[in-house]
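Visitor: Whenever a hint applies, use it, and build me the whole structure from the sequences.
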Amino acid sequence: MTTQTPALISQAQAPAGEVLSAEQIHSALEPLRGRFTRQKVLVLIPDHTRTLPLPQLFRMLVDILDDVKTLDFMVALGTHPPLDEAQMLRLVGISAEERHTIFRHVGLHNHAWQDPDALATVGVVPQARVQEIAGERWHPTLGGDVQVRLNRAALEADHLLILGPTFPHEVVGFSGGAKYLFPGISGPEMINVTHWLGALATVRGTIGLKDTPVRALIHEAARHVPTPITLIALVVQGSGLEGIFVGDHISAWSAAADLSSARHIVWVDRPFKRILSCAPPMYDELWTAGKAMYKLDPALADGGELIIYAPHLDTVSKVHGKYIYEIGYHTLPYFLNQWERFKHVPLGVLAHSTHVRGSGTWANGQEHPRVRVTLASRIGPEDCRRLNLGYLDPDSLNPEDFSDREEEGILLVRKAGEILYRVRGES
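Under this note's numbering, the sequence shown has 1666 at position 301, and the numbering climbs by one with no breaks.
Among the hints, erroneous ones may be present.
[As the list claims (entries may be wrong)] Below, a list of computed lysine-lysine pairs in the DSS-like style, where the Cα atoms sit at most 27 Å apart: (1) K1683 / K1780; (2) K1780 / K1638; (3) K1708 / K1687; (4) K1575 / K1780; (5) K1434 / K1405; (6) K1708 / K1683.
[What the hints assert, rightly or not] Label pairs and their computed distance ranges (CB to CB): (7) D1431 / W1503: 46 to 52 Å; (8) D1769 / T1739: 40 to 46 Å; (9) R1403 / T1739: 55 to 61 Å; (10) G1790 / T1486: 44 to 50 Å; (11) E1383 / Q1492: 44 to 50 Å; (12) P1591 / T1506: 16 to 22 Å; (13) W1704 / G1500: 43 to 49 Å; (14) I1467 / A1381: 20 to 26 Å; (15) E1791 / A1485: 42 to 48 Å.
By construction, these hints were calculated from the structure, which means they are not laboratory data.
Think of the CB as a built atom: it goes at the ideal place given N, C-alpha and C, for glycine as much as any other residue.
Guide: As structure tokens, then:
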């Protein structure tokens, strides 16, 4: 990734273990006041599957951007399901009455990745460039030239403001930044290619690393976006913010990724043979609850078992469930060695499958996963067999039975999905 001269407008960082006050957060955002006078501003935000104090930040930004021509917020869904009106109001923390009074001038929108009329083409990343970026991870299944399409609203705006947290991420290394463009508000081409490139690099070879092929590909695509971009990169601690970095989308993201690397990775001395990974209710599909596997996979011993404990969860994926039930959850070599069987499946779905199942090998026509993945949710035993996952009745489990047993090689993670666990000394 090209190194750029830092161009931060403002920043604030709390001491380790502390969070920024409301006054400190507002002070970090205040330099945005007056920067976009009489401009059309589009703010990209995450959905409910990301932790951040969005209601607080929403109100602050609306106040600070009070002199813009138009102010719209768009949920950078990628392929996540769209939010209805009630969900949207909960996301930004306003009442129905406020929606039609003090916030009536603010637009609230979902990204629509499947609607060609909502998308516009801004460029192409040639196959040769994709291959150069992918390096040793290149595989012909990545295809040819990649069309760079994104939501038309991003082109109709005078300025894009990205607001979102940075955590270790299974596909791109660290989340945030231009990821809110691709895949956040992009068309299916970039969504599929970035996720499949991440699968080829593997979760263990990507997550928690700052410079990755997928991040480089996202930044390459972002070069085609003509609208100026400012990033508000957040580093979350609990329910508050430990850091906020405002500036261009590369510099602000880079600073946030550095802090996230220091705050969001737990280093352990040796891998665990069994992990109970509790997926919080904000992950209401296995499509996102799979993060309970991604963040713990690097700390799971060969032949070990990871249990995704999600007693609230009864859905694999509202958008992609049909394909996932067709293919199940398998390792990367399983798909690459039987490509003719699976080439019709969107690359993003295949990538999700490999991320949840973990790494493995292929020999004599059989896959050999590195670890076992068991689902303890409202998705029943028959469905788990179809999905190629183990099954446990969530009502039969008491998470406290897994507590304080690290010396036995057993780990309980009470809120999984954002904090990365890695074994000290392993790359």
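Visitor: Each hint should be assessed against the structure and marked as holding or not.
Guide: Here is what the structure says about each hint:
no. : hint                      : in the structure
1   : K1683 / K1780             : holds (23 Å)
2   : K1780 / K1638             : holds (19 Å)
3   : K1708 / K1687             : holds (15 Å)
4   : K1575 / K1780             : holds (23 Å)
5   : K1434 / K1405             : holds (5 Å)
6   : K1708 / K1683             : holds (22 Å)
7   : D1431 / W1503: 46 to 52 Å : holds (48 Å)
8   : D1769 / T1739: 40 to 46 Å : violated (21 Å)
9   : R1403 / T1739: 55 to 61 Å : holds (56 Å)
10  : G1790 / T1486: 44 to 50 Å : holds (46 Å)
11  : E1383 / Q1492: 44 to 50 Å : holds (48 Å)
12  : P1591 / T1506: 16 to 22 Å : violated (31 Å)
13  : W1704 / G1500: 43 to 49 Å : violated (21 Å)
14  : I1467 / A1381: 20 to 26 Å : violated (37 Å)
15  : E1791 / A1485: 42 to 48 Å : holds (43 Å)
Violation of the numbered hints given earlier is confined to hints 8, 12, 13 and 14; the remaining hints are satisfied by the structure.
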